[in-house]
Every structure is written in C-alpha cells, then in structure tokens.
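Undergrad: The residues making up each chain are set out below.
Number of protein chains: 2
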Amino acid sequence: MAEQALKLRPISDSPEAGQPYDAVRSILDKVKAEGRDSLTAPEGKIVCDAYGIAVPQEGVAKSSSEAASLAEGMGYPVVLKIVSPDILHKTEAGGVLVGLKTREEVEKGYESILANARNYKADARVDGVQVQQMLTGGQEVIIGAVTDSSFGKLVAFGLGGVLVEVLKDITFRLAPATHEDALSMLDGIQAAEILKGVRGGEAVDREALSDMIVKVSQLVSDFPEISELDLNPVFATASGAIAADVRVVVDFSPQPERYRPSQEDIVRQMNRIMKPDAVAVIGASAEDGKIGNSVMKNLINGGYKGKIYPIHPKADEIMGIKAYKSVKDVPGVIDVAVFAIPAKFVAGALTECGEKEISGAVLIPSGFAETGNVEGQEELQAIGRKYNIRLMGPNIYGFYYTPQNLCATFCTAYDVQGTAALSSQSGGIGMAIIGFSRSAKMGVSAIVGLGNKSDIDEDDLLTFFEQDDNTKIIAQHLEDLKDGRSFAEVAKRVSKKKPVVVLKAGRTSAGAAAASSHTGALAGNDKIYEDVFAQSGVIRARSLRDLLEYARGVPVLPTPKGENIVIITGAGGSGVLLSDACVDNDLNMMSMPDDLDTAFRKFIPPFGAAGNPVDITGGEPPSTYRNTIKLGLEDPRIHSIILGYWHTIITPPMVFAEVVIDVVEEMKKKGIHKPIVASLAGDVEVEAAAEHLYANGVPAYAYSTEIPVAVLGAKYKWARGAGLL
Amino acid sequence: MAEQALKLRPISDSPEAGQPYDAVRSILDKVKAEGRDSLTAPEGKIVCDAYGIAVPQEGVAKSSSEAASLAEGMGYPVVLKIVSPDILHKTEAGGVLVGLKTREEVEKGYESILANARNYKADARVDGVQVQQMLTGGQEVIIGAVTDSSFGKLVAFGLGGVLVEVLKDITFRLAPATHEDALSMLDGIQAAEILKGVRGGEAVDREALSDMIVKVSQLVSDFPEISELDLNPVFATASGAIAADVRVVVDFSPQPERYRPSQEDIVRQMNRIMKPDAVAVIGASAEDGKIGNSVMKNLINGGYKGKIYPIHPKADEIMGIKAYKSVKDVPGVIDVAVFAIPAKFVAGALTECGEKEISGAVLIPSGFAETGNVEGQEELQAIGRKYNIRLMGPNIYGFYYTPQNLCATFCTAYDVQGTAALSSQSGGIGMAIIGFSRSAKMGVSAIVGLGNKSDIDEDDLLTFFEQDDNTKIIAQHLEDLKDGRSFAEVAKRVSKKKPVVVLKAGRTSAGAAAASSHTGALAGNDKIYEDVFAQSGVIRARSLRDLLEYARGVPVLPTPKGENIVIITGAGGSGVLLSDACVDNDLNMMSMPDDLDTAFRKFIPPFGAAGNPVDITGGEPPSTYRNTIKLGLEDPRIHSIILGYWHTIITPPMVFAEVVIDVVEEMKKKGIHKPIVASLAGDVEVEAAAEHLYANGVPAYAYSTEIPVAVLGAKYKWARGAGLL
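Same order as they appear, the protein sequences are chains U and P.
For what it's worth, UniProt numbering labels the leading residue of the first sequence as 1, then goes sequentially.
For what it's worth, UniProt numbering labels the leading residue of the second sequence as 1, then goes sequentially.
It should be emphasised that the hints constitute simulated quantities derived from the structure, not laboratory data.
Any given hint could be a false lead.
To be verified - Using 27 Å as the maximum straight-line C-alpha spacing, the simulated BS3-like pairs for lysine-lysine come out as follows:
{"hint": "1", "chain 1": "P", "residue 1": "K168", "chain 2": "U", "residue 2": "K168"}
{"hint": "2", "chain 1": "P", "residue 1": "K196", "chain 2": "U", "residue 2": "K168"}
{"hint": "3", "chain 1": "P", "residue 1": "K168", "chain 2": "U", "residue 2": "K196"}
{"hint": "4", "chain 1": "P", "residue 1": "K90", "chain 2": "U", "residue 2": "K101"}
What the hints assert, rightly or not - So the derived label-pair ranges between C-beta atoms look like this:
{"hint": "5", "chain 1": "P", "residue 1": "D245", "chain 2": "U", "residue 2": "E58", "range": "36 to 42 Å"}
{"hint": "6", "chain 1": "P", "residue 1": "V416", "chain 2": "U", "residue 2": "R542", "range": "27 to 33 Å"}
{"hint": "7", "chain 1": "U", "residue 1": "K441", "chain 2": "P", "residue 2": "D662", "range": "31 to 37 Å"}
{"hint": "8", "chain 1": "U", "residue 1": "K441", "chain 2": "P", "residue 2": "D288", "range": "35 to 41 Å"}
{"hint": "9", "chain 1": "U", "residue 1": "K297", "chain 2": "P", "residue 2": "K441", "range": "31 to 37 Å"}
Beta carbons are placed, not taken as given, at the ideal position from N, Cα and C, and that holds for glycine.
Next up, chain U with everything else stripped away, as it sits in the complex (with noise of 0.2 Å):
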C-alpha cells in the first residue's frame, strides 16, 4: 500500500522515497504504544511534513543574521519569540514580536529580543530566537478526512468559518483523490466563486490547495488507522496554502474484512444464476396461492426455455414436470436455485445446494435479518461462503430476465423485453417497478430483488449487466449500500459504458430514521452519497417515478455529439417551462446563430418568436413542424431537440406524432441521428400521441413539460460522466 501511495504522491520522486512512509508508522507506532487515540501538535507537524502538506515554516536562530536568513528563506512576515527556559511569560518578558516584514526589521528584532530578555531576568538562559512564518490574509479553507462505515476514507473540502459551519457547505470524495477529483472539490461547494476571487480579492493558488487535498487523501488511505484528519484553517492564498492547524485521530482496532469475489468469479457466477440452463426450485408446489406454486407457474408460462426441477419431499411431479426430493437427485447439473420454503429449513436446503455444486441461491424466504433473526442470515452466509453459492436476498421477490423469460419469482409474470435492468432492496418497489413497466410498456431485461443483501449486492448487478449485451441502462432503488466502495468503484467503471441511475431511499434524515427501522442498516450521510454518486458517475434520481422514467426514456435516447440544445414549440408558454426545465437539469440552451434563426424564420409566421425557443406560434400546419424539426435534426450546429407541442384542430397530436416520426425516419437514412424528446400540451388525445411517439422512439409526455427535460437531462449527466461530451 505504500508502494502505491509513493507512486501516487510527487513527494515519492525523492530519493527518499521510504522516508515518509516510515516517518508516519514511527509516529503512529508511538502513539498506539502509549494508547492514545489522537496525536500531538509536534506528531501532526512530522506527519504533514512527511506527506509535504505545508504547515508555518519555523526554525530556531543564535544570531540576528541567522534570524534574517530563516524568515528570507519562508517569506515574511515572520514572528520572532524568544526560546529559554526559564522564561515562561514571553510576551511579558518582551520575547514576542509579530508581523515583521524586512530583513531588517528582523535582525533588529532580534537584538531587542535578547536585550530584552536580559532586562527581564539577566541570568536566563537563551537558547536562541524562533522564527516562525506569519500566516495572514488569504481564504480560509477547511481539508479533512474521516472514515465512513460504507464507504471508507473520505477527503474534505469545505470553506471555514461560521458560515460554512452553518450552510454545511462541504463536498466529500473517495480516498485516495485523484488531481482530478481535488479539483472537481474546489468547484464542488456552493461558494466556489469565492475561491476565484471576488470583490477584488485574489484567487487562490487552486494547484496548491488540491495538491493539499490529494495529499492528505493519500496519507489517510496509507495509514488506515488515521480515522480523522482536520486541516483547520488552512491559509490558501494566491501563492499558496498552509495547514495553521493539524488534528489528526486515530483508532487501532481492526478493520473488519469484507468479502469481495473476484469480478472475473462474479461474472461468471452472475452469468450462471441470470442465464442459467437449469434451475431447481426447492418447495415447488402444485397448490394453488403457495409461492412454490407461483414461482412455479411463472418458469413455465413465462416461456423459460431450460430445465426445471421441481424440489419437494413427497410428490412425484409437479405442474406436469418430474420432482426430486433434493436437488442432490436430481441428475444433471443446476444453476441456480430458488427457495420457497420456510426460513427454518432454508440452511439444510442450502447445504445441500452447495454439496450439489449450485451457483446461485435465490432466497424468496423472509425471516432472517428484517424480523431480528440476524444469527439465521449469518448461517446462510457461512454456507454460502464455505460451497461458495452466490446468494440473493433473503427477504426478495426474486428476479426477471426476460431474455431468457426467466420469471423466478412469485410475482406476476413480466415479459415485455427491452434493455433497461432494474433493481430494488425493497419488494414493494419491485412490484412498483413492474406496475410502472407493465403500465408504460417499458422494455426490461431484467429486474431483480435483492433485499437483505446477504451477499448478491448493487455492484455484482452491476458487473453482471456491464457485460450483459442485452443491457443498456442500470437502474437501481437502494436505501444502503453494504460496501460503498466495492460499489463507487464498480460504478466508476460502469457507468463509462452504460448508464447507472440510483434512487437512495432515506436520504433525508426522516427517511434515513425510516431506513434504519427497516433493515438495521444505518443510512449514511446523504452529502456523502451525493458527492460520491457524482464521482462514480451515477445520475442519481430524486425520487421514484425520475428513477422509472429516467429507466424507461434514457436507453431511447441516442447520445448527444454535443451540448448545444433547441426548444422548437408550437406553444410560448410551454417554450418558456421547457427552457425552465433546462435550466433545472444542467441543459445549454444553444445561443441561435444568426444564420440559423434567419433559417427558421422562413418556416415560421413573423410574429413567431426569435432565438431559442423557437416559437413556431400555435396556428401552425404539419409542414411548420415538420420544416423547422428537419432544420433543426440537418444543422450540425444542433445536437439535441426539445419540442412543445400544442394541440390544434389544424395539427392534432396524432398528425403532429407522425409528423415527428416520419422526419426523425427520414433523417435516421440520412445517419443522424440525434435526442428528440416532447411535451404534449393538449386534450386527452395527446396522451395516444404521446405513447406513439415514445414507441418511435421520441419520450414524450403529456401534460409535462419537466419530465421530458428530466429525461434528456439524465442522457446528457450520463454523457458528460463518460467523457463523450
């Protein structure tokens, strides 16, 4: 780890590259070995000054002209203080002088210094005169560290003072940071201008302040034991940034160790359980309202073209298909097992999963972790680890793969195919999901519960659909997550190539209380997930119907080539909410060229409105809005349309619909290909219209003009994340 560390920090280019590893350990070896829990002033200088985080510059001087070359040496203004033993009331004694700014001033000071100190006790001893750096002026800033249950060490950035105490204006990222990340966190806080300089006041030095951050990023991932670090306040200036103050904390006890597969292992297992060729199904039912019978039912109506195999301890066959009394007789090879039985049989049936060799356990069962039973789910775990079973839930729905019409659930049967795969902690939230889907004609590949999380987490969906070709977009409900980092990780990774959007439930203090009651899990702080989320390039939806729209509209979406987008409305007042709308989701609305809007005009009655929007006026033909939707799909200039759409007798939404889809055709054979989305403001009828066209591939809505904005929003954060904009 610390190979890595020096690899990282420019400080390891040094011949001594070893050193301040070992000068950081020597301390810490110290401090554990007097049982302290938190390091002095002097042990927290060595510490910074180890990892080159600046702090005041000091040094001690035995003449006026050794005094004069320490202060050249770290910048005036210095202090000068007498050092003797026997003086302890220094200022008293005369011994103190502040904001000296010359050479001069300085070798004078020190003279005065040692006259008077003589004056004061002529027989003390003089050990010489500190000089130390002056810290004026400049931003005060706050950097610091701490250490999160989920999501391990964490850097921070905020401004100091009472103000940012109050508006708890401070921004989180993983540790160790990259430049990068330092950076993101100078711009990341609400009075970021500040930091630019405002009211005549200089920027600061923002090179020294994220080298800083990357810094102490770097020593807390060193030295895992370094549970807090608070650098407050530190001097950022236009030259610089020093650390006034050091509070470094610590604790010794042992971290515990997370399980963590491989992600080649959990790829292939996920493979197994998702797209498995045979799956066994222990507590399969003939009974009609038992959920062996469902689960059962669901296999075979959904279409599930592998092996089933029927687990019971009495019956012959069930449904039609030859039942085993364990999974150990059933001759070939299975997958994947799905449990409908009561919890207290779950762990025998478990074993021998494992002694058959089986993938994956898909524990249906509550009675575990949610109702207190907390040693039962720790059994399943030790199982689970000791035949290595991959286990979801227990406590869930089970899970949907629809491009195997794989239904191993209780659930209602889903089968509408498409590419976004969605998942929930929680089972009402899955049975939302497939309402929203079965209601909205969402195409899913799959949806998944994971509810307690014994094992099968967030970020094993996420290595599953990364390589899953029948996945476009990851769309996830959570209310904690086990293993933040292995999760901010995988995302970091993820989401370059496929989007990943997360409703965190309890991410108000209220919900969180909520959360906390639900699955013992205690929610973390909500800024941290939201800065942590925004550096794993998660969009993150701000509540479930956003999780469900963004899921359904943005694996429509073409990917924007750029950043310049068009409002084209029949309707004023909607081309005023949709340019709201843009504003709201971080969209640019492209300032019109003079050539384009001079085009547009052509199409558009003269008192339509110039600019952006584009304003066609309300009593407008088809052929207005087909002209001017071409215009805008053929200018290069323009990578994304918004339109508005009013409903008229003279362009009813249908007309309007097929308008729209017939021009994006057309363009489509030409190879353009760009992000169209619609506002449907209308009478009823505007709501088939609005179906049609997002079946053409157009999300559109009716009586919204915030949602369709909402959904291209969600594309462009995306976008942005993956660095293709």
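With the hints as your guide, set chain P onto chain U.
TA: Frame of chain U; chain P shown alone:
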C-alpha cells in the same frame, strides 16, 4: 400617505409626529432642486435620524468631562478625533484614538489628543474633540430597499460580506413590512442560524433588527422617489443594530399610474362575465372549422341555459338561433361578448359593446401585443376604459365556468363540475389543463385564458373566485404579473380563505429570457417572486404537473387540525421514500408516543417496525390495514395519515381501496375527518384502485411516493399560511 406611515412607526407616538416626514421631505426637495440622483452621507444620516434608524452617534466635546459624558451617553467603545481646521492629517498629528473603553480612558485621551495637537502644531485652532461611537463586533448584515417594476417597493435583508454576495442569500418583502414580516426575514435566509448565535457567538437583537427593517420599509413607502436604499453594513449585536453606512438613490420621474378598479367593481363585473345571463358571440358562424362556429357549438352543446346572441353582418340565424348585425341591435341586456373576428375588426365591435353597456369582452383574437401590434392593444384598452368594459385577453382560448355549463371558448368542451378554478397565461398550457382535467376526471369550476392580459389579470380572477361558492381552490399559471403589488395584496386576503397555487414560469434565467420573447414582459427576479408569494400565502408549484396535481388533490382533502403525520405502510421500502418526501415537503412525522406504539403493535406482526412509519409488513390481510388506519384516525394526536400500499395476493389493490374507503366513511360518521393520501406500489391493478380511492376522497397515486406527499404538503402549506394551524 405620511399619516399612514406615522401610524405604523413607533416614532409617530412622539409629539413631533409630523417632523420626521417633513425632515425627509425637505432633504428630498433639496436633492431634487439640485438635480441630483442620490443623497450625501450627511443627508442620509438626517433621513435615518428622522425615521429612527440608528446610525453611529457622535458629538464634539470642549472638555475632557464633556467628552466623557458624551461617551457615556453613546456607550463604549468610542473613537476620539481632533477637530481642527488647521490639522489635516489627524492620525499623523496623534489626533485620533480608537477603542476607548472607560470614562478614565476618554478623559485621559482627550487631554493627550490636545497635547499631541499642540506638539504637532502649536498655533493650530482647536474646535474640540469629536467623540464617535465605535462599531465593533456583532454580525454584519444588509438592510435595503428596491423598486420593482411589478411589485413596487420591496425591503431586503441579508448577511453582510463576501459569502452572502456569492451565495445570494437575501430575502425580500413588500414594503411597508409589518413587524412579523420583518421577523420572518430574519428566519428567511439560508444562514439564519448565524443570527441566533453560533460557536459561542451571541444572538443578535432580533427586535432591533426587525424594527430597522420595518422603518426602512416605511421610509421607502412614504417616499416613492427613494428608488433604492442600502444600509450596508448594519452591525447587529446582542443589544442593538446600527447602520454604519447609508446610501440613498432617488428617482423623481413620475410613476406610471395603474388602473385599479375597486374590489366591489371587480366583483360586480366579473360576476356578470363569469355568470352571465346573456352572451353575444361576435363573429358567430355556422361554418365548421371557424372559431365563431366552435364557440357557438360549445355554448349550445355545453348546455348553457342563458341567452345566446349570435352577431353576424349578414346571417339571420345561426345554428337555429336568431342572429343580429350588431350587439346594438339586440333588444335585451348582454353581459358578455365573445369575440371571434379578425384583429382589425375588434376595436369597432368593442366600441359597439361599450355603447350597449356590455360588462365584459372575451377577446379570443390574436394579432395584438404578442405579434408586436402594441398600438392595437392599447386602442382596445382605451375603449375598455372609456366604456368600462373589462377585457379578457386578447390572444386567448376563452373561458369555462362549469356551474353555468358555460364554455365560452373555441376549444373542446369541458363539463366535469368541481371546485378547482384554473387559469393560464398561455393557450398551450390551457389546453394541457383541459387534457389533464379530463384524463384525471378532475372537477373544475372554471378554466380561464388570460393571454396578453390587456386588462383582466390574475388578481381580478382571485377577487372573483374568492366570493364564488363553487370554487375551493385557485390554481394559476403565469409568466409575469403586470401589477404584482395588486396581486400580492389580493392573494394575501384570498389565500386566508382558499388555497392559491401558482406556477410561475420563467423562474430561471433561461426561462425568463423565453418569457420575455413570448410576452414582451420582463420576467422579474425569481427570488422576489418566491418571497412575495410566501408573504402572500401563495403556494408555489414547481412544475406544471405539480400545479395540476395540487389543483386536483388539495380540495379533496379536509383541512388538517395539526402537524402530526403518521405513515402506515405495508412496504417498508415505501415507508422510507414516503419519509423522505415528508422532509422534502416540510411535513412533520409524529414522534410516536409509547402507548400509541403499543396500540399499533397489537395489530402488526412482531417483526413489524416500531415508531413512525408504522410498518405493518407485506404479507398482511385487509384487517391489518383496517385496524391500523382506524387507530390512526381515531387517535386525536394524529392529524394526517399517509398510506403505503404493497400489492399482495392477500390484500389485492381494490380490496385495499375498499377497506380504506370503508374506514374513512365509518369515521366520518363519527365526525372524524382527517387528510389521508396513499401511495400504491404494485402491478397495474393499482391504477384502478388509486382512481377509486381518489374518487372517494383519498388522493392516491400508483408508482409514486412523492406526489401524494407533495399534495398533502400543499394542503399544509395553505393551512399554515391561512393561520389554521
């Protein structure tokens, strides 16, 4: 106006009641006479003194004891400064002493300043020593006033310093502000906590600060020519507030007079327009596709029972109704005329309406200000004033008033009677209102298009709907307020009786730009709208969908009797999201009393979660929902209930809906009527269940945890603003 001002100001209780006004008047007269546009610092001080706005005290002492007396009077610390025409560089002359804290220091200081002066320049004439109150410590704040083109005089409050300028943490109220308004401003900034004292700092004197805000607001109200005023900084301490610097900008150009009929006139005329006994259709037509034909069809087929007079230059009858060449030919009284003729003919026909003493003109035609024809619109306004005709539009779809079965519009008819009155500035948004209403079966009392708002404005509608027994909620889409002052005054009164919900489009800068190009009206600073809406009890919708959902849901809910909300949920996951939504909507989740917790626990499984949310768990029968909901309704400590339903076979969606409706009805018979909203998670059957619940008084939503809570939140916002909680 001065009298009114003096009544509000404490200063007016003094015998010199007329003097403050006169003092400011004479300063302003002088500034005007001299052709200046701002006041000098001494003039600013006189203005502040006149209105009792504290500025640093000062006086000139001729002796050390006089200096001490002055200092005692103003409080320590003080500054002493030599007063001498012969000493220009006071500091150089040793003529300034700062931070004197005791009587002794002042007396000694006086003498030493005189001595220094003599040393410096023996023959200098010395007029005395100025004693000035020294402002130190405390919190720097800003109190100011601006003149907004729509809202008129506004008072502003914020924290001083760079951070606030960067974070734009400032709040506005209409001037004059009441003491309560002023106090609410202290709590209305993000950093409000700072004023309460943080990190050992003292809390500021809230009375002194709010008193200063009130006085500033009164000053600018008394003197409209004061266009801007800044007290910056104001030093706020635990014992008072003093403005260290005063800046007053004046504008003596005459203010445009606004046309404001009396509230009585508005009510009388709006009643004739909205509930007419006779309607003329100018430009009535028998020809399909013509606007005048659509209007006739809507009037006849909509079921309007009053008299209809088609006006047409040639026809004798239209759609079986006798037609007239002019309104003047109609024998009886006409209340309102609906215009369906080209723009160029409108003025002439409007004059005839005036001669016929018609109360209102519904100006559907476009081709006025929105197309640049400002003169044409001004001509209509002049005719309207001359004949006292109120004008709706031009450039509108018309209006609906369902209690009269009146569809005075060319759009599709709408007939679902209800209690929501909606209006829109834009025709497109009007169509979205109609479509949504029909789709959601939302009962409406009225839908009104306001378009160019040449005359009838949002506040005219508020005044009408206030006294309209058929209306229980007023929901308005607007892009600008031509007379925000009038709107705010009326809304403040009306919102005490009925919820007023507003979607202000153009709230972001891009949106505002679009608003400007659309209506030619400059969209105001959004923060001003935000604060004035809050001050006026207006509930602000953040999106079109919110506006519509609030209009639909809020009137369905009874008014809550208290702030305690309990969530009862079958899905723990929904409980967490519903809790999040409570925080987002400023709703107070009740801390569950022990006895009530025990009572709930009796009905739920042992592993159901304690507290609030009440997690009844997923597998429960209808009786568990029934028992817990009943308990929640019966216990007087609970004021509102949020339900989270999870679709299961044991309690299917419609069974859940019936149980809820049944319990609610049962409780109503006992006189218990509390707000209940529901979030339904499940397969598509939950949609019908939600609709059934809604139709029976329980706003319910499928696949959304946020919308039901937002609707409840809107009800609470209204109830709080109306003083009912």
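Undergrad: Look at each hint and say if it fits the structure.
TA: Hint-by-hint comparison with the structure:
Using a Cα cut-off of 27 Å, the hinted pair P:K168 and U:K168 holds, with the two alpha carbons roughly 16 Å apart. Proximity of P:K196 to U:K168 is assessed by CA-CA distance (about 16 Å); at most 27 Å being required, the pair is judged to hold. Only pairs whose Cα atoms come within 27 Å are accepted, and P:K168 paired with U:K196 is accepted, the gap being roughly 16 Å. This hinted pair checks out: P:K90 and U:K101 have alpha carbons roughly 26 Å apart, not beyond 27 Å.
Between P:D245 and U:E58 the beta carbons are some 41 Å apart, a value that agrees with the proposed interval 36 to 42 Å. Our hint of 27 to 33 Å for P:V416 and U:R542 holds, since their Cβ atoms are close to 32 Å apart. In this structure the hint that U:K441 and P:D662 lie 31 to 37 Å apart at CB holds, the actual value being about 34 Å. Remark: the range hint 35 to 41 Å for U:K441 to P:D288 is upheld by a beta-carbon distance near 36 Å.
Separation of U:K297 from P:K441 is about 36 Å and conforms to the stated range, judged on CB atoms against 31 to 37 Å.
The earlier numbered hints are all upheld by this structure, with none contradicted.
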